[in-house]
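Asker: Please take these sequences and the hints and turn them into a complete structure.
Here's the letter readout for the chains.
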Amino acid sequence: MEIEINVSDATPVYTQLVTQIIAGVLSGSLESGCSLPSIRQLADNLDLNHNTVAKAYKLLESQRIIQTAGRKGTFIHPNALNNAANNNLQTAEFQLENLLTSLRDKGVHNRDLINLLKDQVNRIKG
Amino acid sequence: MTDFFAISIATDYMLLALILTQIPIIFIYATRMYCRMYSHFALSRNADWVADHPEFTRHINYEKVMRLFAYIISAMSFTSIGYYILQNPAPNNIVPMLILPQLAWLAGMLLYSVALHFKVTRAIPLPDRRSTKLEDQSLAAYVPHWVVALSYVGLLLAVGVYLWALASGALPTGLATARLVGLGGIIAIGTGVLVFALRRKHSELEFMFGKNGRKIEVRGTVAVLYFGVLVGLMSILGDFYGIGLFEDAFFFIVISFFVQVSMAVMCIKQKAKLENHKSATR
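As given, the protein sequences belong to chains A and B, one line each in that order. Quick note, the first sequence lines up with residues 1 to 126 if you use our numbering. Quick note, the second sequence lines up with residues 1001 to 1282 if you use our numbering.
Think of the hints as simulated: they come from the structure by calculation, not from any bench. Among these hints, one or two may not hold up.
[As the list claims (entries may be wrong)] Using 35 Å as the maximum straight-line C-alpha spacing, the simulated DSBU-like pairs for lysine-lysine come out as follows:
(1) K1119/B <-> K1215/B
(2) K118/A <-> K106/A
(3) K1215/B <-> K55/A
(4) K1119/B <-> K1271/B
(5) K125/A <-> K1119/B
(6) K58/A <-> K1201/B
(7) K1211/B <-> K58/A
(8) K1064/B <-> K55/A
(9) K1064/B <-> K1119/B
(10) K1064/B <-> K72/A
(11) K1201/B <-> K1271/B
(12) K1119/B <-> K55/A
(13) K1201/B <-> K1215/B
(14) K58/A <-> K1215/B
(15) K55/A <-> K1211/B
(16) K72/A <-> K1201/B
(17) K72/A <-> K58/A
(18) K58/A <-> K1269/B
(19) K1133/B <-> K72/A
(20) K125/A <-> K1201/B
(21) K1201/B <-> K55/A
(22) K1211/B <-> K1273/B
(23) K1273/B <-> K1133/B
Answerer: In structure tokens, the structure reads:
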């Protein structure tokens, strides 16, 4: 799998790495048990600071997308696919909750919110 | 006695042939192709920036210096052959005539690549967009750890035997020291090449053979380590038990032959790749 970063992008580089690795897991490019390059190697290949890659790996490990096995290296977690899907669901739930709360605070009624949400879902489906 | 003499003369002819063939293959053709490839690696750091700065040509100067150095080695190597043939009886220094130019060339290439890295590659600004393959480049990804460890165990056992021989006086000091230097050289160079093959960003063989290039490089280096174990074993059999299956020059003949053939194949492959790349970016 090819990974591409853009250092001039507003999104932090470690987030770009995390997003692409999760996308790789979800698309099936990175299967569970697949070995990943070491922090040093990935940082060298992308000409990045080692701490940037370490931060991305740490975040992925906390989300149980990857797991480190000491000197054996870093691997994709056996349940990475489920974990990534669950994490996405949790993130969606959190973001939706924030959005709905802020809209209710602005005076938008529950009924209107439900209709809007249904319309949006139908639009995406269509 | 006559048989030994015949073998020795045949070995000398083989060594002389290798000294001659390494001039066009390594010092002329491979130098040209490797310089082109290293320049290509250096400039590929930011191809857009290089295209926008046509005045950036300092890599050509380094390439010229390296090629001039290789021509000097070729001339000296050629002169040494003439000197060897003219002398009667011929002195027994034919192995250094094969090895020293190779070592000089290696040192030259090392200096050239260091200069290229600091004066050319690092002078090119990094692009904002960077990409790499998410592939594991650790040793275990190419060859099981135990295979590599076993070769080191073999080499260290051979070193141990000669250290014991040196300490106990079982072998003449000069012979034991020469064997230890040889085995130490194999361990040092093999380890260096192995680390270099694993850690560097660009691999020549990866460029030539694609995804499997680095695997070929790592496994080839491990094979050389095992060849070192074999040579160590042969030396022990010869030195301690008088079973002289091969001469000392055997190691250099096999390695030189392997190096020359693989370099010729690699350079032909490199040329095609570089030309393809050139036409694709044109």
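Asker: Does K58/A pair with K1215/B here, judged by a C-alpha cut-off of 35 Å?
Answerer: Status holds; Cα separation ~29 Å.
Asker: For a C-alpha distance cap of 35 Å, please report whether K1064/B and K1119/B respect it.
Answerer: holds (15 Å)
Asker: For the pair supplied as a hint, K72/A and K1201/B, confirm whether the alpha-carbon distance does not exceed 35 Å.
Answerer: Given pair K72/A, K1201/B holds - Cα atoms ~21 Å apart, limit 35 Å.
Asker: Is it true that the CA of K1211/B sits at most 35 Å from the CA of K1273/B?
Answerer: holds (14 Å)
Asker: Has the given pair, K1211/B with K58/A, been kept, meaning a C-alpha gap of at most 35 Å?
Answerer: holds (28 Å)
Asker: Is K55/A within 35 Å of K1211/B, Cα to Cα?
Answerer: holds (28 Å)
Asker: Hint check: K1119/B vs K1271/B, CA-CA at most 35 Å. Holds or violated?
Answerer: Judged against 35 Å, a Cα distance of about 25 Å means the pair holds.
Asker: With a cut-off of 35 Å on the C-alpha distance, tell me whether K1064/B and K72/A pass.
Answerer: violated (44 Å)
Asker: Between K1215/B and K55/A, does the CA-CA distance stay at or below 35 Å?
Answerer: holds (29 Å)
Asker: Check the hint pairing K1119/B with K1215/B against an upper bound of 35 Å on the C-alpha distance.
Answerer: The hint holds at about 30 Å.
Asker: For the pair supplied as a hint, K1133/B and K72/A, is the alpha-carbon distance within the 35 Å limit?
Answerer: Cα-Cα ~20 Å, so holds.
Asker: Does K1201/B pair with K55/A here, judged by a C-alpha cut-off of 35 Å?
Answerer: The hint holds at about 22 Å.
Violated hints, listed in ascending order, are 5, 8, 10, 18 and 20; each of the other numbered hints is respected by the structure.
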